[in-house]
Amino acid sequence: MLEHQKLIVSHAPFWHNGSRVTDRSRQIFLAALPAALFGVYQYGLSALGVLALSVSSSVLWELAFTRVAGRPVSVGDGTAAVIGLLLGMMLPAAMPWWGVLTGTFLAVVVARQIYGGIGANPFNPVAVALAILMLSWKGRMDFDAALVNYPFDFPAVYYLTAVKAFGTGAVGNISFGDLLLGRQIGGIGCTFGLGLILGGVYLIARGVIRWEIPLSMLAGVAVTAFVFNQVDPAKFAPPAFHLLTGYTLIGAFFLAPEDSSSPVNFMPMLIYGAVIGSVVVFIRDVGVFADGLPYAVLVGNLVQPLVDKIRPKALGKVV
Amino acid sequence: MKTFFGLGKPGLRYATLPPRLAGPEVVPAGTSVTLLHPGPAGRRTPAALKMGETVKTGQRLSLYGGADYVIAPVTGTVAAVAPFAGDFGREATAITITAASLEAIDDQFADARREPSPETLRPFLAAAPGLPPLERLCDPKRPLKTLVVCGVDQDLLVLTQQHVLRARSHEVANGIRVLKQAAGIDDVVILALKETVQGYGHIGGRLLGVDPVYPSAHPSLVMHQLFGREVPAGQTPEDLGFCFMRAEAVAAVGAAFETGRVPVTKVLTLIARDGSARLVETLIGTRVGDIFERHGIAVVAGDRIVFGGPMRGRAAYSPDQPVQPDTDAVMVLGAASAAEVSEYPCVNCGECVRICPARMQVNLLVRYLEAGKYEDAAESYDLDACVECGLCAYVCVSKIPILQYIALAKHELARVRPTEDANA
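Protein chains in written order, with my numbering: chain E, 1 to 319; chain F, 1 to 424.
Hints in this document: simulated from the structure, not taken from any laboratory. Quick caveat: nothing in here was measured; it's all calculated off a predicted structure. We treat Cβ as the ideally placed atom computed from N, Cα and C, and that holds for glycine. There may be inaccurate statements among the hints.
Stated by the list, open to error - Okay, the calculated bits of chain F under chain E, using three or more residues with CB under 8 angstroms as the criterion: (1) 299-308; (2) 391-402.
Unchecked claim - Residues from chain F shown here face chain E by an in silico Cβ test under 8 angstroms; the list is partial: (3) P232; (4) T236; (5) G313; (6) A315; (7) S318; (8) V347; (9) M360.
Stated by the list, open to error - With a straight-line cut-off of 27 angstroms between C-alpha atoms, the simulated DSS-like cross-links for lysine-lysine are: (10) K399(F) x K313(E); (11) K6(E) x K399(F); (12) K194(F) x K145(F); (13) K317(E) x K373(F); (14) K373(F) x K309(E); (15) K235(E) x K138(E); (16) K164(E) x K138(E).
All chains should be modelled from the sequences, with the hints used to inform the complete structure.
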């Protein structure tokens, strides 16, 4: 009786904690939703259109590429959908369909699949796509120009551009509570600061992202902005302004901690976050772009392999 | 399993022996027992044991004339001597003994045991329950400083060593006395879980409490956390003068000198499908299938039978495989509850890096191992530092069989390095 039963032989450990890539994607998606839905509320159906097209086209690009390349179909893990959602959240609501399709193609195929797919991309796919879009279609990615036809009950001025052009006097009367509650223009899912923070805290609590990266990045933004602000308060905005405008929060909680392109050791995570944070403010304060977050993330990705070499000595390593 | 809040480490804890656990239930031996004798390992010497030969209980059976031997747990006749292939090419010879109805005790040890000494220990007790490392312990060329008696099991859910330390503390104390005298060791340390450590003051040794979080009881981590010494990668605690020994092995030595008989029964933890554990005691060589049957655990197709615990055990391919002197637990695992493996690549989430007790760069290591670059893995990414606790694979989001890769890499390097050295 027992002799004829076929047993399974496998290697230890025989237990697993049950974590899965799909779960992580689902949680990131969930955490990003409040801010995304607020964007839909703020900008209406055109924002929903951009988000829907962005998510669906990301998934389809991934499906198409894996088919063509003969790789195992991986759209089920939800990572392509997450890339689509995040990219959509960072675009203006008025982005035309071809811009969205180009963006998702750049993110999914160019920035991720040609490097080998999940886990192999050296740069954050969303940051790559966004950087290329910003360079290619300046007008389309300029929030003042793109959102000119939307009626708002608050000043429809992209604050980062305003500060860059006219100094802190131009934004002297905005309240930080308004910024937290999304009373500003910007990317579809980037204006609702509170929603992004809640999403980020949720992801940290669930262990999906490492707290070191968002925290050190925000600290990097704050410290660098503080220094600039101290040097010339009339020209450079204070830290809280930089923390709550533009792409800072979505970058800190959703872009910088992306697994594949970020470090995993403690000190390197802090350095990586701080580098991104300070580069963001440098670009905003002295660079040519109103918001340089995608470039800052790419710079962070670039130094990641190097800083991740700072690691503890393994147990029993004498030399 | 993973909790809602995933920020903290999983904090897998060793099982704690309940205050009043029923003593081990004795599983009677079947009609035959099977012993696994190491070797022949390439040697062509014919086994020095013939079919039909009679053996006595406690008799030393040495097949190839070397230092290796097994101990006959029953009186009977040799029914078969056959090769047995273990994991990673480990060779053994399976000796099957059919039990006779009348037991006869081998009295060589009883005659020799007058005085504890290497000569009375090494030839009789090295294959005793718990596998006392007597060869090393009695090596006069490399004296040891400290004997560490492990009253904590090496895997989750397992209660065997905790039970032996508590229920057979008299034998453990006696064993410590014998070993001190025979091996000339003064310093004896008894390891117990932190919360239970006060109860063992009477045994006769320094007490040290082990943190209940897995894998703190691993010798390398005990060395690090409790003795403040790091075992250099690729070396063992023995190289630093510390000899780790199961409480059961010490108890076996103690009992042997007390009774004059070589102990032949093994205490083990039987872990059922639902993770519930109970203690059983059986003759070494009993097929594990008999233990399951006795406890009403039906083994069906697709199950895993694991020798050892869930993190570090070894799956067996047949319920006919016997209990060995170092089998501290046997476990049945249904197909649904066993960890699956996927072909997903590493997503670089870093969970493994943060949980690794050896502080290894597992995320990078695994890339080298997947590519078969074992030399580079050892040189640049600390392959030798791995203590094989399995936590990296336990938390791996991509379900990469990391421990399997590591074990394979170590095996391959161990196979290749001596050849390279010889040709150098």
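**Message:** So, against the hints stated earlier in the document, which numbers end up violated here?
**Reply:** Structure breaks hint 4 only.
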